[in-house]
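K.L.:
Chains A and B, in that order, give the protein sequences.
Here the working numbering is used: the first residue of the first sequence is 1, the next is one more, and so on.
Here the working numbering is used: the first residue of the second sequence is 1001, the next is one more, and so on.
Among the hints, a few may not be true.
[Claimed, not checked] Once the Cα atoms are required to be at most 20 Å apart in a straight line, the calculated EDC-like pairs of lysine to aspartate or glutamate come out as:
1. A:K82 / A:E136
2. A:K142 / B:D1141
3. A:K59 / A:E136
4. A:K115 / B:D1058
It should be emphasised that the hints constitute simulated quantities derived from the structure, not laboratory data.
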Amino acid sequence: MWNKPKKEDLPPRPAPAPAAVPGSAGEAIPTSAYPSRRADEVATRGGALIGKSLILSGKISGREDLIVDGRIEGDVDLPENKLTVGAGGHVQGGIRAREVVVYGTVHGNMEAAEKVEIRRNARVLGDLRTARPVIEEEAYFKGNIETVRAEHPKPAAPRPAAPEPAVQPALPNAVPAQAEARPGEPRKG
Amino acid sequence: MSAIPPRAAAGLSGAAAAPDSRKSYGLQALVNSFGAGRPLYVLDFGGPIQDNINFITDPVNGAGHRLYVDHLLHAYEYFFSAKEQEEAAFQPGRIEEFIASMLDFPDQSADVILIWDRLQFLPPPVAEAVVARLYQILAPDSFVLALFRTDSSGADRAPYTCRILDDHTLQLREQPPLRRIQTFNPRTIQKLFQSYREVKFFVSRESLQEVLIKR
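Could you build all of it, start to finish, from the sequences and the hints given here?
P.N.:
Below is the structure:
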């Protein structure tokens, strides 16, 4: 009924992942204890990693996800991306991002269009302004919370209908536009 | 609070059925005391609880107010040394320092203060100083919601985690560790809030006194 694949069709299961890091519930974001996995994650997602021995002073801005295991003294501005402050990470400054997840320490105000998650054992002193504030009970949080309506992107204006060509060109290998990227499938190219 | 969340107004049956939940006449009176209107500034000193954050701040399913969150007992334990806490003896000026760091708000800026059962776990001089400062922070005609356990017989108790399930239902769960608890009765509660305009008592289950105090 649900097109469940037969057992023999399934690919072999990967080796079990290492146990979740204590203190991180749900999705287990690895800490520096698993540097290879963290590096893999960064490579896969096209983000950047500030390692645990790094200390940065000054403003950081950009258009890629960032994982902070070290220390940042300054503002972080990633309006379209996700910032993860790892269990050993520390940000001393304001944060603006699409999404923020904190396992470590943040001293500063946070603004995120989508959500801010403060996980257990995290420590945050500052104000939150986001569409979805999520704070686990064993986290330390002190500050103001303002929940704002989620900003949905405006629907694209309808395009004027293109005049149909009189004769369809014969392109047997062409991929129909709708089939280029089906939901759930990675876009090719 | 100005707007009752739709799920609360609908009388969420699941809320009443949740374990450790109880009808809260104090919370109900607090919610009813505010008509629809401007967004309020709510201070919650019970620590971050996701349900409370949603109930108070969510602009669609909650009341859409602005919320300040801190945990009064954690702040107290962080500020005062173990010796000070054990002996409940404070050098002159220490309590004032704590109040200045913990309750650094403009005067008359808050509309609602949720202090829950936290005052009962503070030494009397600290609790009195907190209550006096809250009076200054609250806008006129604003409210404090507090809980007191009237059966406390000197034995250590765990403070409650107070979760708002809807506009008249609270879920209270004791959250270890155990702490020294001060004994209160209606008379001592009246005395603690003597500078306030009105102190209203609501009896709840298990010798729990809900108190709504009007500034």
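K.L.:
To test your reading of the hints: which numbers does this structure violate?
P.N.:
2, 3
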